[in-house]
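Engineer: What follows is each chain in one-letter form.
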Amino acid sequence: VNNVWIAGVGMTRFGRRDESLPDLIAEAALPALRDAGIERPDALVVAAMNPEEFTGAGNYGSLINTYLGLAHVPTVRVETATSSGMAAVYAGFADIAAGLHRTVLVVGGEKMSHMPTPRVSEIIGRSIDPHERTYGTTMPALAGLITRAAMHSRGLTLREMAQVSVKNHANGARNPLAHFREPVTLEAVMQSRLVADPLRLYHCCPISDGAAAVVLTAEPAAVRIAGIGQGTDTMALRYRSELTSFRATQAAAQAAYAMAGFGPERVDLAELHDAFSPFELISLEDAGLMPAGKAGRATLDGETALDGRLPVNTSGGLKARGHPLAATGISQIVELCLQLRGIAEGRQVAARVGLAHSIGGLATNNWVTLVEARA
Amino acid sequence: MIVQSIEASRCPRCERMVVPPAHYCPDHPVAMEPATVPGVGEIVSFTTLHSPPEGFKAPLHIALIELEGGARLFCHGQETRGIKIGSSVGVESLDNVFYFSHMSFADRARLFWRRAGAGGEKFASITKSLAKGLFRGRSRDDS
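So the sequence lines, in the order shown, correspond to chains A and B. Each step along the first sequence adds one to the number in the working numbering, with nothing skipped, and position 197 is 197. Each step along the second sequence adds one to the number in the working numbering, with nothing skipped, and position 92 is 467.
Okay, chain A solo, but in the shape it has when bound:
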């Protein structure tokens, strides 16, 4: 297996954007290619969760390679629900690791905010088991069920969950590309309106537009992908015996650590999939970054803050940076690269190894990726 390096990164500002999805993708991809010093990659991987429904376009790989002026570059489009971006990173990684190509542009994005929110929620909700959807379950509904069970069995508190949102908003305020750049108070989170009891509005990530890109190369660059792992679980929540931890994250983390040849003790910072703020706490433990039952307390104690022992979601996370579905996993890698290269202006932390964690669907198809600064 060849080493795979990240030679270039790019991303758009996340949030409500008027541009088309191809325009957003170009806005991320072209700077990433420039950053890598490459005009034409050997291959292209495009991630988009559901451009068919959100934008009405199809054959998305070809649409994007033609739009970007890369019409004759071999292209695949990749989809694993909300973790599509990281699945695309994996596809690019595998391509270079296998020696099939030397340079791969990986780009992902989503454009949703032009649609009414209930329609967007319905389309995202199609990643839920069809039978369970007939009960009116949405992503927040299932997250609400999981949160209540976690409060009951793991002693997770409303205050700990709220602190995740407070921290991620504070980080987002330092990221010029974040969807939300205003800090929020613990009280504001805890008093925001109930969405799916006990989850409140400020525990939930927003609907964002945006795109992100990385250029992967066989040629050594500043950051290396040390390990990448995938984990899956049943689409139906009712088929799982364990609600309050995600088997898909645990399996992905194990695979990523095994490939990297090191464990969680070497991780200096993490980008975790906080689509709902309790998920950050669950994921910290599932990824082995915190002992079971300790993530909430550690968060209240500031251990995961920008100046903490293990900064988490320095970008602002899904909560504040935003969550344009297929852009999200790639944007996590972008943030880790900026940090490892020492150019995360305004929010720089000292780090050599970073971990990114992406959840697809309701933790049906998850990824954990480890990146390492070149020695």
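Treat the hints as calculated values from the structure; they're not laboratory data. Incorrect hints may appear among the rest.
[To be verified] Derived coverage of chain A by chain B (criterion: at least 3 residues anywhere in the stretch with Cβ under 8 Å from a Cβ of chain B; other residues may be distant):
{"#": "1", "segment": "121-129"}
{"#": "2", "segment": "132-145"}
[Unchecked claim] Here are some chain A residues the structure puts well away from chain B; computed CB gaps all over 12 Å:
{"#": "3", "residue": "Asp23"}
{"#": "4", "residue": "Leu30"}
{"#": "5", "residue": "Ile38"}
{"#": "6", "residue": "Asp42"}
{"#": "7", "residue": "Thr55"}
{"#": "8", "residue": "His114"}
{"#": "9", "residue": "Ala149"}
{"#": "10", "residue": "Ala196"}
{"#": "11", "residue": "Ala236"}
{"#": "12", "residue": "Arg240"}
{"#": "13", "residue": "Gly288"}
{"#": "14", "residue": "Lys294"}
{"#": "15", "residue": "Arg297"}
{"#": "16", "residue": "Gly308"}
{"#": "17", "residue": "Arg352"}
{"#": "18", "residue": "Ala375"}
All residues carry an ideal CB built from backbone N, CA and C; glycine is no exception.
Starting from the known structure of chain A, arrange chain B on it as the hints suggest.
Structural biologist: For chain B alone, kept in the frame of chain A given last:
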């Protein structure tokens, strides 16, 4: 309260039960066999959705229930007042939609006598689950 029998499927390989019936076991690519389970179970978790999707009225109460025998299913409910994780509930199917309802003290006692009479071999497990239910019921009344 009448305990309904709920249609399920059982995996011949691992004995896993699923509701509603499914063709294949989620853990094994083998055909499942028809089975039934009693419509009695425990609340695994629940939520109230304040902005439910189109076609549902707010507030929408949704619970995940574990039936006796291990199969879990989603249910709607009239309310979640008095419901806790671990509460015993009855599950009924109306027009192919499952609904949960809180089992009162009297419901649980009736269920106990009816089933104790039906089969001695299940007596021990029913006593155990009932004792658990009564204990929970009492601690709730006290709180």
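Engineer: Now tell me if each hint is right for this structure.
Structural biologist: Hint check results:
1. 121-129: holds (count 3)
2. 132-145: The restraint on the segment 132-145 of chain A holds, since 10 of its residues have a Cβ under 8 Å from chain B and three suffice.
3. Asp23: Nearest chain B Cβ is 30 Å from Asp23(A), so the label holds.
4. Leu30: Holds: least Cβ distance 38 Å, greater than 12 Å.
5. Ile38: holds (43 Å)
6. Asp42: holds (37 Å)
7. Thr55: Non-interface label on Thr55(A) holds, nearest chain B Cβ at 21 Å vs cutoff 12 Å.
8. His114: Nearest chain B Cβ is 19 Å from His114(A), so the label holds.
9. Ala149: violated (4 Å)
10. Ala196: The assertion about Ala196(A) is violated, with a minimum of 5 Å to chain B.
11. Ala236: For Ala236(A), whose nearest Cβ neighbour in chain B is about 7 Å away, the distance does not exceed 12 Å, so it is violated.
12. Arg240: violated (8 Å)
13. Gly288: It holds; Gly288(A) is separated from chain B by about 25 Å at its closest Cβ, greater than 12 Å.
14. Lys294: holds (22 Å)
15. Arg297: holds (22 Å)
16. Gly308: holds (31 Å)
17. Arg352: Nearest chain B Cβ is 40 Å from Arg352(A), so the label holds.
18. Ala375: Its Cβ never comes within 12 Å of chain B, the nearest being 43 Å, so this holds.
Consistency with the previously given hints fails for numbers 9, 10, 11, 12, ordered from lowest to highest.
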